[in-house]
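Each chain, written out:
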Amino acid sequence: MCQVVEEYPDQLERADLPSVSKKCGKCKEASTAVVIRTADTYCRGCFKEYFVHKFRATLGKNRIIFPGEKVLLAVSGGPSSCAMLNQVQEGLNQNAHKKLRFLPGIIYIDEGCAVNQTVEERQRKVSELQAVFKAAGFPFHIMPLEQVLDLPNSVVVAAPSPSEQLASTYKAAVDHFIQAKRSNDLTAQDQEETSVPYVQESHTQRLQQLIGSAKTLTAREDLLNTLKQHLLVHIARSKGYSKLMLGDNCTRLAVKLLTSISLGRGAQLAQDTGFSDSRYGDIIVVRPMRDYSANEIASYNHMFNVPCVVIPSLNTKTPDRASVHCLTESFVTKLQVDFPSTVSTIYRTSEKLQTAGRSSISTNLCDRCLLCMCTMDTAVEKASAFQATQVSTQLSQAKPTGSPEQPTASGQCCSGAGTEGCGSGVGCCSSASVKTPDLKSLLCYSCQLTIKDMLSVEHLPAYILSEAQRRLRRFRMREDISEFLLDDGDEGGDV
Amino acid sequence: MAAPIAIHLEFGGGAELLFEGLKEHRVTLPSQLEPWDMKQLLVWIQRNLLKERPELFVQGDSVRPGILVLINDADWELMGELEYQLQDQDNIVFISTLHGG
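Residue numbers (our numbering), protein chains in the order written: chain A, 94 to 588; chain B, 19 to 119.
In case anyone wonders, no lab produced these hints; they're calculated from the structure.
All values reported here derive from a predicted model rather than from experimental measurement.
It is possible that some hints are incorrect.
To be verified - Listed next, the in silico EDC-like pairs over lysine to aspartate or glutamate satisfying Cα-Cα at most 16 Å (straight line): (1) K410(A) <-> E34(B); (2) K410(A) <-> E70(B); (3) K410(A) <-> E73(B); (4) K427(A) <-> E73(B); (5) K141(A) <-> D91(B); (6) K332(A) <-> E162(A); (7) K116(A) <-> E95(B); (8) K119(A) <-> D133(A).
Okay, chain B solo, but in the shape it has when bound (with noise of 0.2 Å):
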């Protein structure tokens, strides 16, 4: 049983806009018997914090393209994007690179 997780997670670039306007969340993932992975965390999200319009967030299994994805300040790429497991005070950021200017 994989203990519970705290994760602070950002949103920007107009992400935002679909979370009440909230920038920051600090989450508690609740323990379960798998570790979590970033595609559990993206379907928790969509359950619990998305307020509107899910097309504009979620595409599938993964983000709608044109979210960029930042765990720890590294680009989630090179961490393995879906597959990575979340660890312990993760900083997770999706920023929205469509609404630019």
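Same shape as in the complex, but just chain A (with noise of 0.2 Å):
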């Protein structure tokens, strides 16, 4: 079974195949036209029906998102964003039960320069989406990737929380909504007219500049899924929206899920395949197609007739051994056409998964990664397979004098530099290197792997390296008065 080449001669019965002769498996009346996980069969109606319902049951039984709030699209004109929006579209526009109350905004995020598109192929697209958008109805943004290089810090910094939003106040909030719609209807957001930023041909350049000193093709999608991120949550915050909906099929999330495992992300998988993820604090991640298996979005999006737009990305047209993701995309489909529970299996795994109790506010700034907002997984435990790697590591690098690497001798300096901290200047005076800090320590073990991909870190947003020299420079200052501190969670806490 764990063959390379993998031939299946007769031995394996292929179970009756449903034939469109008969009947459709809930209605029993019309013909069957859809084959959802291969024994239930649908006709076209109760396919819609099925569709329609199981996204509004997605987002009502996990009462996240509270009737009236403000919530963030995020549409890249695949089939699975623009399902969601469809579907967000249906059901905020009917009278019928269950109906949405939230209100919707979209954002596109134009990443034409990493793919190196022309400036017309990039026009072109915008405009066929920009039509999809109006014909919704619903504010739209478009923001072309280049837009990240201007980003401020505050956005890689976890804001707090709002005040809890918990379970049993959203039956509360529903009903004092709907009696509170008895007296004025919902004003629906007005379309305003944005018009699309105007894009520099120079931060085009420095943004092919950063992708492109990435080597491998998988520390490139990575940084451009991680800067892509970052673009969103600084749009919801900027726009003023507390929900960002993202749409991930269960197929997708099933690739990514053992892509993360191969690449190190183990300890946030929950949060990376889950349905709410909130490692932002203020915006909260929402994936409400998750239930949804790519093959069922495809046919819906094809007898319904909802526009998407293709658009090619970084791994479009590439061989199946290009990056990581690709390769596990192609083990996960060829598995799922002779093995068809392999996708819901897998997903199935990922819904288990839960963050261990660590409650968000709590935590220190420091503890959480730089680049993925996650928290750090790398508390160097003795006899762990990190700690193995690190020793590994240094012992490659090791040079023959036996001199370590250069470390920030911030003892020595700053301290004898009178009152002033380590704040004073750019970087710490003592080490040579002060333009490009040394991120590894603030980044988790995933996000350590995409910089060693890169031949360096200079390229990187000006937002990303200022708040390195930030954390590093408190971690230092940290380091320095540690022996005046008094340790953490001690009783009492008085001065």
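Take each chain as given, in its own frame, and dock them per the hints.
As structure tokens, then:
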């Protein structure tokens, strides 16, 4: 079963294929059109009901989106996010039961520069999408990825989450909303004519330089994802949205799960693939499409004419082994052909994952990865796998003279500099590499791997580098005065 | 001798990138002795329409895993997959589900 070239001679019995002459499994009237999960066959009408119901049930079951909240839909033009947009449209339109009750906005990030598209091609795709968004009727924003170079530091700082929105208050909030609605209708947000920000050629080049400095496609994909996430969060914050909806479907998340494990993101799996992700504090990322397989979405989009725009990405037309993600995707999809429960099994495993108990509010700033904003997983314990990799890295880098890399001897210089702390100047005065800080200590394991794959970190956007400097300075300062600090977590806490 | 069959082919979800970006193709399959089936259609497409990277569309006898095939708006699993015999004016859609988002 686990060979490279797999042949399945006739010993494997195929289950009786449902045929189109059979009737729909649900209504038993119309002829079947779609196969879901091998055994269930639905006709068009029942399939649409099933699809629509699942969306509302997923949102309703999780009780995270409160009525009247502003929710930002991240639409990439691909089938899943366009299906999500379509479902939100339907959900808000109807007067049926389980009507959706939030205020959506749309964001599209134009990453044409990372894929080396020409300006004309990018504009063409953008105008296609603009037509789709206008038809949807929600306020939309179109941002070129180059904006990421101008982000403020606050993006990589987790903001405190707003007052706890407990599930118990959900029902009360819904009732209150329904009563208020009776008096005045939900004023849908006006669609403002937002023009696409003009992109400077130099910014495009800088971004291309940045993406190009990553040697492998895996690192490039990871970097691009990180930058996109930062930009999405920043836009959500600046426009006043409290939730961000991503269109990841079941198949994609199953692939992401396996890919994450291969890339060392095991500690962050629950947040990367779960329904809700609260690593940013004030913005909660929600994945309402995670129950739909890619096939279901493709069938629905085709049957009900959901408009979507195909935009080439980093791994379009790449061979199977171009990156870890491509390889995993081809592995899962091939396995799915003969074992149709592959994706759902992986998905169900991801449902069981939960982040370990630490409350996000009390987590110290320095305990979060600089790039992916998840809790750090690099506290080195004795005899852990991580420590082993560190030891082997050190051994392989040990110089013959035996002197380890210049540690920033902050203790010596800065305390001697008088009353000023390390905050004076760009960085610590003794360190030679002032301009490009050593980011390793600020990153979780998998982000370290991404950075390792980059030729140099100097092309990273300014906000990342300056935040890194700031955290390194704080860390050194903390070390300096560590002997004067009271232990954390002592009782009483009197000065 | 079977008469030539007119087929309406559609490519979506990113699959059209392998066919010069054209999403719709109306083709006429030449007449031949046995009736046309899906397996032969795939060979025909590979020979006549596919402009680049055949390994991204076909794999062996069948389509690459990840490509959804709809025959007259019904999943091809319900129609017999590769053994389905084509009829005149059939509508076959190939949607790539790998280019998701």
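Q | Given pair status - D91(B), K141(A), alpha carbons within 16 Å | A | holds, 14 Å
Q.
Between the alpha carbons of K116(A) and E95(B), is the straight-line distance 16 Å or under?
A. Given pair K116(A), E95(B) holds - Cα atoms ~15 Å apart, limit 16 Å.
Q) Given the proposed pairing of K410(A) with E34(B), does the C-alpha separation stay at or below 16 Å? A) Since the Cα atoms of K410(A) and E34(B) sit roughly 12 Å apart, the hinted pair holds (cutoff 16 Å).
Q) Is the straight-line distance between the alpha-carbon of K332(A) and that of E162(A) 16 Å or less? A) holds, 13 Å
Q) Between K410(A) and E70(B), does the CA-CA distance stay at or below 16 Å? A) holds, 10 Å
Q | Pair hint outcome, K427(A) versus E73(B) [Cα-Cα no greater than 16 Å] | A | holds, 13 Å
Q: For the pair supplied as a hint, K119(A) and D133(A), confirm whether the alpha-carbon distance does not exceed 16 Å.
A: Within the cut-off at roughly 8 Å; holds.
Q.
Check whether the Cα positions of K410(A) and E73(B) lie no farther apart than 16 Å.
A. holds, 10 Å
Hint violations for this structure: none, all hints satisfied.
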